[in-house]
Amino acid sequence: MSTAPHVEKIFAQRALVSDEFPLTDTTVRIAPILIRTKSLNLFYGEKQALFDINIGFPKNTVTALIGPSGCGKSTLLRCLNRMNDLIDGVRVEGKVLLGDQDLYAPGVDVIGLRKHMGMVFQKSNPFPKSIFENVAYGLRIQGIRDRLVIQEAVERSLQGAGLWDEVKDRLSESGLGLSGGQQQRLCIARALAIQPEVVLMDEPCSALDPIATAKIEELIFELKEKFTIIIVTHNMQQAARVSDFTGFFWLGKMIERDLTERIFTNPKQQLTEDYITGRFG
Amino acid sequence: MNRQHLDAELRLIKDGLLAMAGMAEEMIKLTMKSYAERSDQLAESVLTMDKSLDDMEIKLDHACIDLLALQSPMASDLRFVTSVIKILPEIERIGDHCVNIARRASILNHMQPILPAGLLEGLASETSSMMRSSVEAFVASDADLAREVIIDDDKVDEIYNHCYRELLRQMMSDPLCIERASHLIIVIKNWERIADMATNIAEEVLFIIEGKSAKHQHLYKKPTS
Numbered sequence: 001m002s003t004a005p006h007v008e009k010i011f012a013q014r015a016l017v018s019d020e021f022p023l024t025d026t027t028v029r030i031a032p033i034l035i036r037t038k039s040l041n042l043f044y045g046e047k048q049a050l051f052d053i054n055i056g057f058p059k060n061t062v063t064a065l066i067g068p069s070g071c072g073k074s075t076l077l078r079c080l081n082r083m084n085d086l087i088d089g090v091r092v093e094g095k096v097l098l099g100d101q102d103l104y105a106p107g108v109d110v111i112g113l114r115k116h117m118g119m120v121f122q123k124s125n126p127f128p129k130s131i132f133e134n135v136a137y138g139l140r141i142q143g144i145r146d147r148l149v150i151q152e153a154v155e156r157s158l159q160g161a162g163l164w165d166e167v168k169d170r171l172s173e174s175g176l177g178l179s180g181g182q183q184q185r186l187c188i189a190r191a192l193a194i195q196p197e198v199v200l201m202d203e204p205c206s207a208l209d210p211i212a213t214a215k216i217e218e219l220i221f222e223l224k225e226k227f228t229i230i231i232v233t234h235n236m237q238q239a240a241r242v243s244d245f246t247g248f249f250w251l252g253k254m255i256e257r258d259l260t261e262r263i264f265t266n267p268k269q270q271l272t273e274d275y276i277t278g279r280f281g
Numbered sequence: 282m283n284r285q286h287l288d289a290e291l292r293l294i295k296d297g298l299l300a301m302a303g304m305a306e307e308m309i310k311l312t313m314k315s316y317a318e319r320s321d322q323l324a325e326s327v328l329t330m331d332k333s334l335d336d337m338e339i340k341l342d343h344a345c346i347d348l349l350a351l352q353s354p355m356a357s358d359l360r361f362v363t364s365v366i367k368i369l370p371e372i373e374r375i376g377d378h379c380v381n382i383a384r385r386a387s388i389l390n391h392m393q394p395i396l397p398a399g400l401l402e403g404l405a406s407e408t409s410s411m412m413r414s415s416v417e418a419f420v421a422s423d424a425d426l427a428r429e430v431i432i433d434d435d436k437v438d439e440i441y442n443h444c445y446r447e448l449l450r451q452m453m454s455d456p457l458c459i460e461r462a463s464h465l466i467i468v469i470k471n472w473e474r475i476a477d478m479a480t481n482i483a484e485e486v487l488f489i490i491e492g493k494s495a496k497h498q499h500l501y502k503k504p505t506s
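These protein sequences, in sequence, are chains A and B. In terms of the working numbering, the first sequence has 240 at position 240, counting the first letter as 1, and numbering is strictly consecutive. In terms of the working numbering, the second sequence has 312 at position 31, counting the first letter as 1, and numbering is strictly consecutive.
Note that these hints are calculated values from the structure, not bench results. Be aware that one or more of the hints could be misleading.
Claimed, not checked - In silico PhoX-like pairs for lysine-lysine, Cα to Cα no more than 25 Å straight-line: (1) A/Lys268 x B/Lys496; (2) A/Lys268 x B/Lys493; (3) B/Lys295 x A/Lys268; (4) A/Lys95 x A/Lys115; (5) B/Lys295 x B/Lys367; (6) B/Lys496 x B/Lys470; (7) B/Lys295 x B/Lys496; (8) B/Lys367 x B/Lys314; (9) B/Lys367 x A/Lys268; (10) A/Lys215 x A/Lys226.
Please read all numbers here as calculations on a predicted model, not as lab measurements.
From just these sequences and the hints, can you work out the full model?
Given below as structure tokens:
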């Protein structure tokens, strides 16, 4: 049987995770795992918020985390760059491995670690500084002083975030003067400037209109060429559109994780089916 | 969370599809009867029913597209709607094939039969039974029954081939049969196509139930060592 080469490529990719080779944390064949959790449990005081999470995020792919509010998806995201450390009474058990390095091992340089992880939040939060300085900020706090290096990084990051053409003539203007969608892309540029390996996105489009959302979604497609993206979203259509893998969370447990097309057409777990068809509870 | 509106629309589509399938089954019955009773009138009624079938297809097709656009169905709901979109033209084509057969009835009814008694009826009855089973499998979400329909297609093919060889034999032995046999070849081909369409419906039913394509299985058979 002969098919067009580009079609063969798509089929080949899908065949890698077929029924014959079910997707598990140890058998992801699409790309090597960049970051993974092992038996991850998280407690807010006495209350357990994450239960035995084992999930791998393959390099240069997009993984969407979906589930109802309070299911633990944002908590998991914050575990990956140890932002939960900032909350009193949080206790984490288990491992988060970036390559071979356990991010929760004693003596880990948390600030250094966060250089590997860019993060974009639900609400765009540019600093009250110029567009240029917003993007340069991460580099400056890393101690980089070379003007040329900073200029190059700012341009590259704004290009990467799809914002350069819109702001190149007004880099000295305040970042707060941009539209909501532009501000969010500025925050993405700021996250990219430190050249992270992983970009964490916590509902990055929930405050944006459909046009700004579409721009960010297109951007996510482009960014996965260079970065590994993990996105928390309440918008299931968005998860379906942008991600390669989807994990469904419920009451702190990961119920199912699979190729996105499988989760949205033929999930294996009834809970997942009930949630994505909107018949939950 | 509940999706009462979505559920109501899915139910409407399911009911509509069943009404359409019911009408196609009725057309099959009338077509068979038009031959059994040599009735031009019954054949004519098949032609009239086909217009309603076409109308139902268009309306249900629109309803499915609207539901996809407005409700964004997922998982089993998505499989249901996409499969219904594929089943609709199958049923509509079954109607067309009935029309093709019925049109020949008004010609053949005025000629002497040439096929051995029971052969054409057997082909029609086996096909009709496949159609009924595929609809039952859809209604009851019965994967086993859907699989039986797919297997039964071979039986219909066998009867079709038998009829075809018989007609060929008769044409060769008696050129006066050629006109009748030519009409009958078209008739048996149309019955055989209806069986193929019942098979396609059964394959879609399996996809709705199991989420896996049941089509063209020969492509995926592992070579036996």
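Consistency of the hints with the structure:
no. : hint                : result
1   : A/Lys268 x B/Lys496 : holds (21 Å)
2   : A/Lys268 x B/Lys493 : holds (12 Å)
3   : B/Lys295 x A/Lys268 : holds (24 Å)
4   : A/Lys95 x A/Lys115  : holds (19 Å)
5   : B/Lys295 x B/Lys367 : holds (13 Å)
6   : B/Lys496 x B/Lys470 : holds (21 Å)
7   : B/Lys295 x B/Lys496 : holds (22 Å)
8   : B/Lys367 x B/Lys314 : violated (29 Å)
9   : B/Lys367 x A/Lys268 : holds (24 Å)
10  : A/Lys215 x A/Lys226 : holds (18 Å)
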